[in-house]
Amino acid sequence: MKKRRSSKTTIILYLAPAVILFVMFILYPVINTIYLSFNSWKGIYGSPVNFVGLTNYKQVLQNNAFWKSLLNSFFFMVGGFCVLMPLSFGLALIITSKLRGTKFMKTAFFMPVMLSTTAVALMWVYILNPSYGALNELLRALHLDGLAKDWLSTPGLNIWSVVLVNEWMYAGYNMLIFAAGLVSIPGDIYEAAEIDGCTGFKRLRYISIPLSKESFKIFSILCVTGCLKAFDLVWAMTKGGPNHTSEVPASLLYNEAFTYKFFGKSSAIGVLLLILGVTLSILVNRLLRREEE
Amino acid sequence: MKRKIGKAFIYLFAIFWTVMTIFPLFITFFNSVKDNKGITLGMFTWPEEFMWSNYTQAFEAAHILQAVGNSMFFAITSTLLTIVIGMLAAYILSRKVFKGRGIVYTMFLIGVMVPIHCTIIPISSMATQVHGKNQSWFLILVYTAFALSQAIFLFTGYLNGVSRELDEAAVIDGCRDRQILFRVLMPVCMPIISTEAILAFIAGYGELIFGMILMSDQNKYTVARAMLTFTGGYKVSLGPIFACIIVAVVPMIIIYILFHEKVQEGMLTGAIKG
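First to last, the protein sequences are chains S and Y.
Residue numbers 1 to 293, in full-length UniProt numbering, belong to the letters of the first sequence in order.
Residue numbers 1 to 274, in full-length UniProt numbering, belong to the letters of the second sequence in order.
Zero decoy hints are in this set.
Lysine-lysine pairs mimicking DSS-like chemistry, simulated, CA-CA at most 27 Å apart:
| no. | chain 1 | residue 1 | chain 2 | residue 2 |
| --- | --- | --- | --- | --- |
| 1 | Y | LYS133 | S | LYS229 |
| 2 | S | LYS98 | S | LYS213 |
| 3 | S | LYS239 | Y | LYS220 |
| 4 | Y | LYS220 | S | LYS229 |
| 5 | Y | LYS273 | S | LYS217 |
| 6 | S | LYS103 | Y | LYS273 |
| 7 | S | LYS149 | Y | LYS37 |
| 8 | Y | LYS220 | S | LYS261 |
The hints are simulated quantities; they were obtained by calculation from the structure and are not laboratory data.
As the structure is a computational prediction, the values presented were derived from the model and not from experiment.
When you get a sec, could you build the whole thing from the sequences and use the hints?
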């Protein structure tokens with residue numbers, strides 16, 4: 001019988017690549033970010049790092065742009081619950097119904113999420129262009145000139161344009177989550193309901209929605225934890241501007257570091273983002289997953 | 001009667017959203033073969049003549065084909081690495097009892113929650129220190145590291161559901177750990193492996209932020225970076241920009257059309273379990 005490698009060596013050998021990558025690219029950077037957040041640094045390798053205590057945090061928390069960026073993240077969440085959720089659920093109802101062509105629709109509805117976020121963002125940037133963009137052209141053709149706006153440069157409007165493009169992109173993806181819930185509802189429940197005269201909207205109200213509770217939970221978890229991670233779409237569409245009006249925390253962090261070279265301040269944003277992100281994840285998971293037991 | 005109106009409404013909405021999803025792609029395509037005059041006249045108008053030269057310009061000025069190739073390479077290699085490294089770790093976490101197992105597992109679990117954006121500054125300066133800027137291997141390792149936590153989480157969960165009798169039988173047949181993992185368990189885990197492969201590949205191909213901070217050499221640009229640089233410049237011709245976007249999305253559309261059922265299934269599993 002061949003001699004076996006001791007189990008301990010195997011454990012270390014097999015775990016090593018994963019642990020090394022984790023420590024190098026996640027754990028160490030996180031610790032380093034926390035360290036940098038208490039220092040002032042210009043970001044050039046070898047340039048001095050000066051301890052400044054809580055100054056960075058003070059500056060960030062007193063900065064209107066930071067609070068605005070948090071508000072914008074909140075808008076991503078609001079958009080998620082008020083637009084994306086009903087839309088995806090509606091699409092899920094359509095593709096699980098007995099209509100013709102549902103297979104094609106399912107494939108089409110889901111497609112946007114496959115395209116890279118940057119490509120989606122750029123397609124919409126040009127569609128939303130104020131002078132020759134397709135949306136304004138359509139509005140003008142319908143004699144709704146008053147509604148033709150500069151979608152991505154008007155403060156207050158720009159973030160919602162980005163949020164809606166986000167919903168466009170992810171509607172089909174979330175549709176699948178709801179559709180998976182809907183098809184798992186046993187058919188005899190619907191039959192029994194039909195005998196009792198429960199059809200149409202009533203059926204939706206008393207059967208489909210309550211029995212999709214699990215899907216709504218999954219959606220909520222993804223929506224809440226996802227809203228802080230928004231970056232790609234914002235960056236590719238507006239770069240957070242004009243004048244920080246469409247900034248989200250991640251884009252603010254990027255701008256502070258790589259545009260303005262305030263690496264300490266940027267790290268402080270990073271730490272706040274980290275605390276917020278992990279707390280939200282744990283909170284929303286606890287809140288929604290506990291009920292299951 | 002009421003029912004018919006309801007049905008008609010549902011049909012209308014279904015058609016509306018189908019048009020909504022496909023239309024932006026069509027508009028982008030039609031404008032990619034127009035000149036500036038044609039575009040500014042109106043994005044909706046049919047191109048008077050198809051200017052395929054816009055594509056040549058996109059290839060030559062934006063190096064978009066090279067960028068697509070780069071992103072494909074980064075995405076594929078990091079996906080393969082994620083699967084191998086993830087399976088090695090998941091095998092240990094699921095099958096071996098040792099001190100610190102809980103800690104290691106919790107560590108990866110937290111890894112899923114860490115927002116990647118708060119790691120960009122240290123990773124950028126680390127790249128400078130180890131000469132990893134503009135190096136494919138560094139970017140691939142970064143992609144792998146960020147896909148890994150989720151992979152380990154999914155793989156371990158799946159392996160825990162695979163009967164241990166399988167391993168025991170293999171041990172009796174004289175298999176070692178390596179053979180148990182790669183010959184016996186890996187084939188059984190194919191469904192979850194393909195799920196993770198899809199997730200990691202899509203994420204890798206479209207990735208933006210690390211491509212932006214780590215690659216400044218145009219020959220190493222990722223698709224996202226190449227598109228943004230090209231559109232961000234003070235270019236006067238719009239057609240090539242649209243051509244660029246079309247070239248960037250075509251590979252994903254082809255992959256999607258070929259494997260759409262598998263992709264949908266994979267993304268769904270990723271969403272529900274992740």
